[in-house]
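Fit chain B to the known structure of chain A by using the hints.
There are 2 protein chains.
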Amino acid sequence: MAGVVRMGAEPDVTVGPGTVAVMPTGGVLPPGADAVVMVEYTQEAMPGTIEVTRPVAPGEGVVRADEDVAAGAQLVPAGRPLRAQDLGMLAAAGVTQVSVYARPRVTVFSTGDEVVPPDTGKLRPGQVRDATATALAGLITQAGGEARQGGIIPDDQAALEAALRAALATTDMIVISAGSSVGARDETAAAVARLGPPGIWCHGLAIRPGKPTLLAECAGVPVIGLPGNPRSALVVFRLIGMPLVYRAGGCTSPPAEPVVRARLARDVASAAGRLDVVQVRLEDGAAEPLFGLSALLSILTAADGYVVVPEDATGLGSGTDVDVTLYR
Amino acid sequence: MAGVVRMGAEPDVTVGPGTVAVMPTGGVLPPGADAVVMVEYTQEAMPGTIEVTRPVAPGEGVVRADEDVAAGAQLVPAGRPLRAQDLGMLAAAGVTQVSVYARPRVTVFSTGDEVVPPDTGKLRPGQVRDATATALAGLITQAGGEARQGGIIPDDQAALEAALRAALATTDMIVISAGSSVGARDETAAAVARLGPPGIWCHGLAIRPGKPTLLAECAGVPVIGLPGNPRSALVVFRLIGMPLVYRAGGCTSPPAEPVVRARLARDVASAAGRLDVVQVRLEDGAAEPLFGLSALLSILTAADGYVVVPEDATGLGSGTDVDVTLYR
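Line order of the protein sequences matches chains A and B. Position one of the first sequence corresponds to residue 1 (the working numbering), numbered consecutively onward. Position one of the second sequence corresponds to residue 329 (the working numbering), numbered consecutively onward.
Chain A extracted, bound-state conformation (with noise of 0.2 Å):
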């Protein structure tokens, strides 16, 4: 038992043939030691002499100064949000201060003629509240951005084009809620192309829902073009639009969904060459795929996460194993 130091609050104390010394937690290994047992597992058999309880092997209770991490080696991986272990090894190392990948401001804006603010109070016929920005926000905060609101422009391509162009200079991103009707549609593309090269890359996506969705960069920074169906909007914008954001904020490995295994309670149509978006509702287990127009944003509130049909099925039979994204 040569070597044994007890942690404790006693004064030293030796014990032949080995020495037994008392430290503080944390403290450094005395010359000749080579264990630590904690107090617990010692007794004061008599004045001066001290047993300890329990066998101990050579190294036990110690640990070597490059046992965490040897100098030199990387403390925390860069590309992925700072995790709370992460935080507590740079303290621990002594890093308070870490550079990081400022916030990408993504500017949303919100177009048509009938949309007007979420504050407004009674509605006249035709309108509708602006509730496609305010949920923008909220995942775009998730996924580690800034959201800035850019607030509604009326169905007018000069306006949209002014609006955008001022925000192509002071954002890292653009996300545009526009109309759903096509003289809407052809407006934004319209004004976006004029941004600048490369300008877009896409109008419309096999996706459903979120097919009219349009993909762009326009100097230097990305703008999606989003379906006027609120719905359908939250849909893309959660498979496109955050993924983008993570990458924008540095992130190349953005944190995982939670998702879990479920049975899918009824059949879930899809036409074959487009990807299926079903919101569903998790009851004992079981998916509930909920059904309606995408225009209503309960399908959303209502469900618990999302089932995606991929792009070569043409439907899900009821009794299908399926991976539910939950929603946070």
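The hints are simulated quantities; they were obtained by calculation from the structure and are not laboratory data. Using N, Cα and C, we set each Cβ at its ideal position, and we do this for glycine too. Wrong hints could be hidden among the right ones.
Partial pick of chain A residues on the chain B-facing surface, computed with a CB cut under 7 Å [to be verified]:
(1) Q85
(2) D86
(3) M89
(4) A91
(5) A92
(6) G126
(7) A131
(8) G138
(9) P254
(10) P258
(11) S298
(12) A302
Okay, the calculated beta carbon distance ranges per label pair [unchecked claim]:
(13) A:P30 to B:A406: 51 to 61 Å
(14) B:K450 to A:A57: 24 to 34 Å
(15) B:A547 to A:E217: 57 to 67 Å
(16) B:A406 to A:E40: 45 to 55 Å
(17) A:G204 to B:E639: 47 to 57 Å
(18) B:A534 to A:G319: 33 to 43 Å
A few chain B positions that, by computed beta-carbon distances, are all more than 10 Å from chain A [what the hints assert, rightly or not]:
(19) V356
(20) V384
(21) A497
(22) G527
(23) V549
(24) R594
(25) S626
Same frame as chain A, now just chain B:
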């Protein structure tokens, strides 16, 4: 085709025998119309005469005024954090202010003569930087709380009691990152016991790491005394502290943690009657357990998530399918 409304921007036109009116998206159905068709599915056959080029069923393209949410219905349930779509639904209904729970104030104390602040440059022998308080602040924030640093209290029962007593009046929850030596633990317990009824619920949990955990309630404020090892402290706080923070913030349904199913790459030993929390790294869909002293933070920073070995198990064999809770 009686009563079909065409959406678009052209002047009104009429076609017999039904009526084709032109209206903007989101408008109110004109009298006599019972369906809406998109302008894409119409063409002007001759001046003043419009042809609808696809069959239209009554009710198509029309949303009833109460179809999304009926008057008097619940917009968003209480007890969970507001999700993006919940914010959208509230905005759509014109609700721009909602009563929410305040973020619970959680004060974190570190104890121990050997503990020094993270910004301490060169350490003297036996000193250790306070990693736990910083990491706990991350977990508290993640659970919706407002983390407050109570500072580092020396191993002095009176000083600790005074600091805790002062915090009781201004905080909703107290967390003590306690010295792990039995003396320090006793001092923490003694200080907590004098704070007020009902006092200490338990001192010691059948969990590894995290055995020397103290749970108390003093004058209505929950008090958690965590083990001194940073890794043990973080493991216990995730399992016990975060649910308390969620609850104190009015969140009765905390958001789900992301979980993946993986095959255990190696045997994991555990004692029956004890919950074991094993850190794992995911490699090619397999969960590789990370073993090491509970003092090592690097185990936590290297881990992608953790596996819980239930109390009744005496270990898990290599190849077992396990649920890995992922860190975010």
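- Determine which of the earlier numbered hints do not hold for this structure and return their numbers in increasing order. Violated: hints 9, 12, 19 and 25.
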